[in-house]
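Undergrad: Here's the letter readout for the chains.
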Amino acid sequence: MNPAVSTETGQAIALTLQLAACTSVVLLILATPLAWWLSQTTSRWKPVIAALVMLPLVLPPTVLGFYLLVWLGPNGWLGQWTQQLGWGILSFSFSGLLLGSIVFSLPFAVQPIQVAFQAMGPRPLEVAATLRARPMHAFFTVALPLAKPGLLTATVLSFAHTLGEFGVVLMIGGNIPGQTRVMSTLIYGHVEAMEYAQAHWLAAGMLVFSFGVLLALFRINRPRDRGQP
Amino acid sequence: MNAIPQLRLKLNLQRPNFALDVDLSLPSRGVTVLFGPSGCGKTTLLRCIAGLERAQGQVILEDHVWQDSTLRRFAPTWQRALGYVFQEASLFEHLDVRANLHYGLERAKPQAGQALLQEAMALLGIAHLLDRRVAQLSGGERQRVAIARALATQPRILLMDEPLAALDPERKQEVLPWLERLHERLQIPVVYVTHSVDELSRLADQVVMLEAGQVIAQGDLAEVMSSGELAQRLGDEAGLVATGTVVELDAMDQMARLQVGALGIWGRDAGFRLGQSLRVRILARDVSLSLSQHDDVTIQNRFEGVIEAIFPDRHPSQVVVRIRCGQHGLLSRVTQRALRQLSLQPGDAVWCQVKSVATIV
Chain A
8 MNPAVSTETG QAIALTLQLA ACTSVVLLIL ATPLAWWLSQ TTSRWKPVIA ALVMLPLVLP
68 PTVLGFYLLV WLGPNGWLGQ WTQQLGWGIL SFSFSGLLLG SIVFSLPFAV QPIQVAFQAM
128 GPRPLEVAAT LRARPMHAFF TVALPLAKPG LLTATVLSFA HTLGEFGVVL MIGGNIPGQT
188 RVMSTLIYGH VEAMEYAQAH WLAAGMLVFS FGVLLALFRI NRPRDRGQP
Chain B
46 MNAIPQLRLK LNLQRPNFAL DVDLSLPSRG VTVLFGPSGC GKTTLLRCIA GLERAQGQVI
106 LEDHVWQDST LRRFAPTWQR ALGYVFQEAS LFEHLDVRAN LHYGLERAKP QAGQALLQEA
166 MALLGIAHLL DRRVAQLSGG ERQRVAIARA LATQPRILLM DEPLAALDPE RKQEVLPWLE
226 RLHERLQIPV VYVTHSVDEL SRLADQVVML EAGQVIAQGD LAEVMSSGEL AQRLGDEAGL
286 VATGTVVELD AMDQMARLQV GALGIWGRDA GFRLGQSLRV RILARDVSLS LSQHDDVTIQ
346 NRFEGVIEAI FPDRHPSQVV VRIRCGQHGL LSRVTQRALR QLSLQPGDAV WCQVKSVATI
406 V
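Heads up: the sequence lines are chains A and B, in that order. Position 32, counted from 1, in the first sequence is what our numbering calls 39; the numbers after and before it change by one each time, with no gaps. Position 174, counted from 1, in the second sequence is what our numbering calls 219; the numbers after and before it change by one each time, with no gaps.
Heads up, a few of these hints could be off.
Stated by the list, open to error - Here are the simulated DMTMM-like pairs of lysine to aspartate or glutamate, each with C-alpha atoms no more than 20 Å apart in a straight line: (1) Lys55(B) to Glu98(B); (2) Lys155(A) to Glu98(B); (3) Lys400(B) to Glu225(B); (4) Lys155(A) to Glu349(B); (5) Lys400(B) to Glu349(B); (6) Lys400(B) to Asp314(B).
I should point out that these hints are in silico values taken from the structure, not numbers from a laboratory. Everything numeric in this text was worked out from a predicted model, so none of it was measured.
Next up, chain B with everything else stripped away, as it sits in the complex (with noise of 0.2 Å):
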């Protein structure tokens, strides 16, 4: 079989009050969040890959090795195939959107840079401002077009370090229907960090959770998020996330059924259409737990689970409990007196009772 094409990071860096030390394989495909508080490493260890940073060890691409500490090799950054995104605002103020947009173009093949560059202007809906000046556009528009200016320059992977940071949240929503786009459109692997669970929840395929330095956590959005052991890390945010399918409208009460896998989750209507795909969440907060079900409650959503595992939580009055139901792993935070007065262990069959849904688009 042969190797899964791949990007490859063992990287040492060594700093005064702070060292990086993490050794890492990621998909070539999709989104892949590097996610942690600020001062955990995500931006140092984005620049490493792009080699603004000089660390020790390896970073190899597929088969492009980009650096390798053993081979004393180390590619500057402008000879590594690769889009960078930045957190403020990185256009070059004495150009214009054009001629930033041409900049990177300049040593692309020309045929496939420009058909490339055309693509990315249409998914980032910036064609109408190639002739403005930089100081004309807005922040997020300046980030679109940084977006389309990295990708214009076909690299064979795309790092962005929090695009959305420097945008107040009316900005940040007008990019993020881009970026989701983006995600589905693009065929090369991105690497994106952030802070934002908000942001992690909507674009993630995979997360690595980053803590002083080190991987504390790797793996599938779903997984990562589910698992009892960082719900102390997480707080509120702990819980499930999960692509669903709009399956049925209840025109009536304005609500709408989502399948996801084998749960059918009933949530407000946002104006969606049947057969439309979208990510769901369910908090650890929101969920809670009985014994037998029950018809007389105010609660839509009920599914019948096998407790796997119970998980202490940040203040000792409260646990995490990780209900399977089907092959998805719900999250509930309930206190330890519950546990105790309901005699809940893992293996025991429960009722999840859903309080609400969040719904991402």
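If we strip away everything but chain A, and leave its shape as in the complex, we get (with noise of 0.2 Å):
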């Protein structure tokens, strides 16, 4: 192997990682608050809110790209706005990926947070009130710790999901080495090009890498010993 494709591999390894992580950490953040919201409204516009959160699931990510690229780009309304806010152009650049990962991964990172929070029922937060808990507090203090199983499945997947996503990043990324390169497209790179035995190395790490992920989150997830002293 020469240096500069080991070089082109390990930006692309770093990009991929870099993205995954990110993407994670913000949708934690930003799918805590929906789920909680989907687990316990009755408002009228909740089926409306869960089924754009789940689009992304059945969406073709080139169609998902294609709209984040009209509207990232210099004549998209967001693309106007961020322009506004002098955060100039998204799109092809490490910020437009970020935010198309998150709207990818939205539904893996929502899913598993709401369920848990609905498994859980209304009794936690109701014992917490009777203990004078605020609802922010008994929210912070019992429902999250409650649902640390799913918080932690969903940071997973929406890792693990970053990882391989290909057509979000390639209609709003283009491929530009060290700054929009990730695996899933260099792989796809190295194909076009023939170059099978780097393909190879890298599909391969990949798979063991995503296996060993999920096999983590499950080990950690088994329901503990329920036994008597």
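Reassemble the complex: the two chains are provided individually, in unrelated frames, and hints are given to aid placement.
TA: Spelled out as structure tokens, the structure:
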């Protein structure tokens, strides 16, 4: 392997991990209140919001990428707005890639957290209220700790799912080395250039890594033994 | 005269197929049991007091207005100084016993709260459980910890929603003595929901009977239990409940004499000591009537009294007779035929023969 290739690979790996990590963190912060709202609300807007959250799951990533590209571009409403704020144009940049990843992985973050909140039912928060805990305090000291398995699943799934995204990245990232070229697009590049050996190494690496991450998740989230002393 | 401090409840809640409509004043001391069949609204009423359900009306504890719809005031649960014990295990699974107990303490006045928690822990016998995980506790232990946790918040009232209902009979017997100790020691009023007559007769000072969301009777335990009007509803459980003192022990026959007001009642000696105070139940079905005193019967307890009133019973062949014996109202369940044959009427003097006495420590 020549040095140029390994630098290119290293950059792609670093960028991919960075993107996945940032996406997970932002999604955890965004998805938790959203999942809480969805688990508690009786609002008639709930089905609409729930459907919107799930949309990235069924849409072709290219559709998502296409709209983001248009909206983030110089004439798009998001693009106009980011320019006014002095952030410039986000398409073909890491920020744009991050935004795309967040939207793309949103259902993977919201769903497990929402299920965890729903599974605990209203009782723990009622108990907290009878123990004089304000709703906000009860949320942080009771609801969040009880939803920990869901939060962990959400984080790991958004991380792993971001590693594997391709369509959105290609549409709004543009595969620029060192800036928006991630593992999945790099593999695609290798295959196009008939460099099957490199493609094999990267593909196998991702397979093993993703499997390892999910295995770790399921081991940690195993129900605990509940034996008597 | 100052108004007696109390819990004022005037609540109205409309649900599909159910309406709660109560207007009650409860005393500020002792245990008030909300009693009735399942679905009568007793748990809903308790949840309304706690603010867990939003009903129309008033909830006023002494000088604290917790809610008053005319003033558009509704204090959320966390602003109401109450302790609440739920029917099923309600301990936080992510915390150990100690952290569960301290959860409510954080917001109580620290000094007094600590002392109160120590007292509650001693009262409920849970000091040895502090470092356990919640999953390692038995059902009875969980409820005792939950009660101590509720008491540690220095509540002005303790609300308990069938705290024993989810326990098997053995565990129930394990927790009941702790509740009785609580009853003796606690300075704050307790509102206790149950459908078990056993818990009612062991713990209640006052009873509120509910049916289909309405109050059908309220008063002292003895009064309500021996009121003939309710005999139909109470069925086999109708009868006198009173507090007595052990005044004599017969070691040879293993029997004990209990003084209940003017009545001296012989019963089984279940390891009592002299001077011990206990509750006695005399069920209507265990009391028979005669016009003269007989000495040639096996029945040990015979009391003279006057018929106060006669009430219809569930089955048309039966009636329930209330007999005044001193300050107590005994109930007797007899047949219509016997009533006619002896031509018994209110005002008649009769002898009550008590077949058996249930004593409750």
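Undergrad: Hint by hint, say whether it matches the structure.
TA: Each hint tested on the structure:
The suggested pairing of lysine 55(B) with glutamate 98(B) holds, with an alpha-carbon distance near 14 Å, which does not exceed 20 Å. With a C-alpha separation of about 28 Å, the suggested pair lysine 155(A) and glutamate 98(B) falls outside the 20 Å cut-off, and the hint is violated. The suggested pairing of lysine 400(B) with glutamate 225(B) is violated, with an alpha-carbon distance near 27 Å, which exceeds 20 Å. For the proposed pair lysine 155(A) and glutamate 349(B), the alpha carbon gap of about 69 Å is over 20 Å, so the pair is violated.
Note on lysine 400(B) and glutamate 349(B): the hinted pairing holds, with a Cα-Cα distance of about 15 Å set against a maximum of 20 Å. Under the criterion of a C-alpha separation no larger than 20 Å, the hint pairing lysine 400(B) with aspartate 314(B) is consistent with the structure, at around 16 Å.
Checked against the numbered hints given earlier, this structure breaks hints 2, 3, 4; the rest are met.
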